[in-house]
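There are 2 protein chains.
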Amino acid sequence: MYRESIKVLDCTIRDGGLVNRHQFDHAFVRRSYIASSQAGVDYFEIGYINSPGLFSPSEYGPWKFCSQEDIHRVIDGVENGAKISVMADVGRVELENVPTCDKSAYDMVRVASYVKGVDKAIALANHFHDLGYETCINLMALSRDQGPELDEAFEQVERESKAQAIYLVDSFGSLYQEDIENLVRRARKHIKTKELGFHGHNNQQLAYSNTIEAIIHNVNYLDASVYGMGRAAGNCTLELLLGFLKNPKFDIRPVLDLIANDYIPLRKEFEWGYIIPHMIVGQLNLHPQEAIDVRKGDQAENYRAFYEKMVSAGLD
Amino acid sequence: MYRESIKVLDCTIRDGGLVNRHQFDHAFVRRSYIASSQAGVDYFEIGYINSPGLFSPSEYGPWKFCSQEDIHRVIDGVENGAKISVMADVGRVELENVPTCDKSAYDMVRVASYVKGVDKAIALANHFHDLGYETCINLMALSRDQGPELDEAFEQVERESKAQAIYLVDSFGSLYQEDIENLVRRARKHIKTKELGFHGHNNQQLAYSNTIEAIIHNVNYLDASVYGMGRAAGNCTLELLLGFLKNPKFDIRPVLDLIANDYIPLRKEFEWGYIIPHMIVGQLNLHPQEAIDVRKGDQAENYRAFYEKMVSAGLD
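First to last, the protein sequences are chains A and B. In this text, residue positions in the first sequence follow our numbering: the first is 17, and each later residue adds one. In this text, residue positions in the second sequence follow our numbering: the first is 17, and each later residue adds one.
There's no promise every hint is true.
The list treats identical chains as one, so a pair stands whether inside a single copy or across any two.
Said to hold, decoys possible - Here are the simulated lysine-lysine pairs, DSSO-like style, with alpha carbons at most 27 Å apart:
(1) Lys312 - Lys284
(2) Lys325 - Lys265
(3) Lys208 - Lys99
(4) Lys136 - Lys205
(5) Lys262 - Lys325
(6) Lys262 - Lys210
(7) Lys178 - Lys205
Hints in this document: simulated from the structure, not taken from any laboratory. No experiment lies behind these values; they were computed from the predicted model shown.
Could you build all of it, start to finish, from the sequences and the hints given here?
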């Protein structure tokens, strides 16, 4: 028996956009959107709603900003399309330019936050909620922030936020299946009235198995991306997740076509996935930035030197 | 606290040899052997001891046959080298040419068998045991053979074989973490006096997480391969496993160098790993051969057609 309350969010364009500065062209994003919609995906996260005053539109593609017009070019005319989600970062959104949900091309806003920034995240998410949007709060880097501040954050989102789901985010791709079980149980001690979500990173090839573990422990909001495309090691792959879920509304076929036609060629241009420096930072429970940087230079395959540097960083 | 009874077996040259017809040159295998030995690996599985009468030595490399001379060229002079393991297939070994263990370059013989062939596997493994070798029996395709014959096989290897470990092999890369837990518990009902082992395939990116699950349930013999090299989707990667294990004798560094210098270049020549047709047969719990075949032809990236064919195969 499948669990109807499970929602799949395709975060490819948003998280994958961190690989290519969100420079997907509109036709590519529209093909992704159509495929995900046909595959039964519930939410299609199309990018960030950053202020164009903060990032240069000549340097970044449209999905760094997600104008209403750009989203409409992707979704208009698509039948039974997935709901559109965008991500909002605290301090980067021009709130005065956000329409109410009934006049907006997007349906859901997710606010990502480190544990220490949860107050601001709650305030921002509640603002969107009051404009009529569905909202989620994504608590990042939970493999790092394991002290009592985490219980306080869980307690606070339960009490103060109007978000429908709180995501547990393994930003460093560092958690094992036992950690997922423990984390979900800990969250559930405080969060009684909202759904839980899980967003994994694949540094140690554990994003999918950790998502399964989350499902086993009644987490219902699940992030995945086409062929795993996402920052650094990428995410749980959408095709694995859709093949696992038993709800007959999910169909892997459109995603298989999309991978063959669009993502195999894209992977030749940009890298993500199981790459040794990303594996190393995942194992060491460190932020991915150093691994991303080393892959851009002439030491990209000097794994030993990178390992020694990261081990030392962990000791400092 | 680490578990000293855990043994790591590096199966790269044996299982990876199924990708390149065992045509690794001696210097390459020696570098692999030195790196694994320095990394603390317990057993280094160097190939099959097939009869040269059954396979052509012009078509297959030396590790399809593993002559004493070939093994000596790899291991002689290496200090603190890992023990050498070879795999023996029922009916393919010239038993009259096998020396006793004290005169042999290898230390362990593993016999792989489907559940239905367990009688012959036990007899073959016992033969090697009586020659002084360490022995294991690897029970293959356990995702398929789940009926009462499996309990009988567990019962029989416990009663009749002299093997020190019985491996549970996920040949199709189809098992999830809950399956591993259930399978280990089921095996343990019958197998009380031998160690258990686990050999996974990575079709669904679950070989490593399933190996962790096996460790949690007290499985002590663990197979892994450098950069995951192995047939089709490959195996649990050795670098992930060594990074996970806490015994200070394990050191990931020599393996990192080996990957950079030898396996990254090799991966450009031969393919293994997360490849969509391999993912599909894993999801559908089917033998990898059809996926291996499709990757060699001009339909290698026609995933939809392959999926439809495999779904139909499962219904026939």
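Hints, one by one, checked against the model:
no. : hint            : in the structure
1   : Lys312 - Lys284 : both (15 Å within a copy, 19 Å between copies)
2   : Lys325 - Lys265 : between (47 Å within a copy, 21 Å between copies)
3   : Lys208 - Lys99  : within (25 Å within a copy, 54 Å between copies)
4   : Lys136 - Lys205 : within (23 Å within a copy, 54 Å between copies)
5   : Lys262 - Lys325 : between (44 Å within a copy, 20 Å between copies)
6   : Lys262 - Lys210 : within (23 Å within a copy, 37 Å between copies)
7   : Lys178 - Lys205 : within (18 Å within a copy, 50 Å between copies)
When each numbered hint is compared with the structure, no violation occurs for any of them.
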